[in-house]
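Engineer: Chains A and B, in that order, give the protein sequences. Reading the first sequence from the start, the letters are residues 1 to 238 in the UniProt record's numbering. Reading the second sequence from the start, the letters are residues 1 to 199 in the UniProt record's numbering.
Because the hints were derived from the structure by calculation, they are not lab data. The structure displayed is predicted, hence computed values, not measured ones. We put the CB at the ideal spot given by N, CA and C, even for glycine. Any given hint could turn out to be false.
Here chain A is said to cover these stretches of chain B; the calculated rule only asks that three of the stretch's residues, wherever they fall, bring their Cβ under 8 Å from a Cβ of chain A [stated by the list, open to error]:
| id | segment |
| --- | --- |
| 1 | 116-125 |
| 2 | 148-159 |
| 3 | 178-190 |
What follows is a list of derived Cβ distance ranges for each label pair [stated by the list, open to error]:
| id | chain 1 | residue 1 | chain 2 | residue 2 | range |
| --- | --- | --- | --- | --- | --- |
| 4 | B | L7 | A | H218 | 34 to 40 Å |
| 5 | A | Y17 | B | S87 | 43 to 49 Å |
| 6 | A | R5 | B | L51 | 29 to 35 Å |
| 7 | A | E21 | B | T53 | 25 to 31 Å |
| 8 | A | K88 | B | G164 | 18 to 24 Å |
| 9 | B | A66 | A | H4 | 42 to 48 Å |
| 10 | B | E194 | A | R5 | 53 to 59 Å |
| 11 | A | R5 | B | A199 | 35 to 41 Å |
| 12 | B | R161 | A | K229 | 33 to 39 Å |
| 13 | B | S197 | A | S115 | 19 to 25 Å |
Over the 12 Å line for every Cβ pair with chain A, so calculated as not near, a few chain B residues [claimed, not checked]:
| id | residue |
| --- | --- |
| 14 | P18 |
| 15 | G19 |
| 16 | S24 |
| 17 | T62 |
| 18 | T97 |
| 19 | S112 |
| 20 | L128 |
| 21 | N144 |
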Amino acid sequence: MLRHRVDAQAAYVLHTYPFRETSLIVEVFSRDWGRVSLMARGARRPRSALRGLLMAFQPLELGWSGKGEVQTLTKAEWLGGQPLLSGKALFCGYYLNELLLNLLPREDAHERLFSVYAQTLRRFADGLHEADLRRFECALLSELGYGLTLAHDVEGAGISAEASYAYEIERGPVRLAAPGDSPLCVSGRTLIDLAHDDFTDPRSLAEAKPLMRALITHYTGGKGLETRKIFMELQELS
Amino acid sequence: MKATNSLDHLIESLRCLPGVGPKSAQRIAYYLLQRDRDGAAALAAALMQSLETLRHCQRCNTLTEADICERCLSPQRDASLLCVVESPVDMNMMEQTLAYSGLYYVLMGRLSPLDGVGPRELSLERVLARASDGVVKELILATNFTNEGEATAHYLSEGARARGLSVTRIARGVPVGGELEYVDPGTLAQAVRERRSLA
Ligand SMILES: [Zn+2]
């Protein structure tokens, strides 16, 4: 097993679990090492310097060493610049983290995804926009090799903005004679906009949501996401 | 299946204590049985008695022997204020300040979406129902300033607003007597963002 010594790595905490009486297991998304699990010894002691520092959604600089599945956190510094998330944006932050915890394999670097994640959190702090969520979902799927086929339909023909398509997971868009009503039915315009990361057209944005949801449900093995359930309970209040 | 004897059973039972693994459980079991049998008997009796007599107060959710606890019934308290805290320890801290004379609701937890703890698991509906008794004029959210505490406060504030209740959140910032030089940067950053006008 490879022995690591990582000194100053840009990272975010995805989640923490209590371990033994005073320690924490920290699930981390780091720039160069991807997802790693770290043990933060004594982090739950009342006067621990790590208390309050190992907080999700805040840019940190972490150091760790050791070997095996759980390595030892040796250093943590607060980088700043990211306002604390609040309100709905906070719940969306949890959604991003749940996606990463569910889909990201351990110790696989995803630098581009890391920067999209950081950028999405910064945008959340200025107000929540659906487009940021869609952009993150697209980036995540394409980084994991589950990217959508958007340049042509399954027959190899170019996408026509005016046509309707049924998106078949792991195959691509199938051109339809008439618009269908399954979550996987989208207009050619939406596919073209997705290919360009362009969510300015409200219809494309609206159609992308059920499509992304169906893809994510598929790749997370059909299990419902906790954060989505809670978000729905939140919506029911108002 | 192997039949377990009393000792194994005790060790196994001790593991339900937070932070107690198999080794500690074994150590505690031997200690109680060899060194402090009286203490063990007292502990067993106290546990049994607590289980029988203690329940959650119908109003504030803390543990009490009556249906409604003494604090909730006290005429000295201002029943128009209801302060929501995560744990009994937090409530005791609030009491120590002598700055608050209203009533409480103790959540006994916080929202934690990634651990599967949602509004339903935490019975947040009960907090909103409690705050809607017609006497409460202000719901004060004193959950922790962690992501989970913030998420809990947000959910409650949305629910309170939907019911037309007035809701406030305790302030955060530099501690009393705190010198900027020694304040952690996260606290200072948020204090700057939430600065208030003195005009
Ligand atoms: Zn009470």
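Engineer: All the hints need checking, so say for each whether the structure fits it.
Structural biologist: Hint check:
no. : hint                            : in the structure
1   : 116-125                         : holds (count 4)
2   : 148-159                         : holds (count 6)
3   : 178-190                         : holds (count 5)
4   : L7(B) <-> H218(A): 34 to 40 Å   : 50 Å, violated
5   : Y17(A) <-> S87(B): 43 to 49 Å   : 19 Å, violated
6   : R5(A) <-> L51(B): 29 to 35 Å    : 50 Å, violated
7   : E21(A) <-> T53(B): 25 to 31 Å   : 29 Å, holds
8   : K88(A) <-> G164(B): 18 to 24 Å  : 21 Å, holds
9   : A66(B) <-> H4(A): 42 to 48 Å    : 57 Å, violated
10  : E194(B) <-> R5(A): 53 to 59 Å   : 39 Å, violated
11  : R5(A) <-> A199(B): 35 to 41 Å   : 53 Å, violated
12  : R161(B) <-> K229(A): 33 to 39 Å : 22 Å, violated
13  : S197(B) <-> S115(A): 19 to 25 Å : 37 Å, violated
14  : P18                             : 8 Å, violated
15  : G19                             : 4 Å, violated
16  : S24                             : 9 Å, violated
17  : T62                             : 22 Å, holds
18  : T97                             : 19 Å, holds
19  : S112                            : 9 Å, violated
20  : L128                            : 9 Å, violated
21  : N144                            : 10 Å, violated
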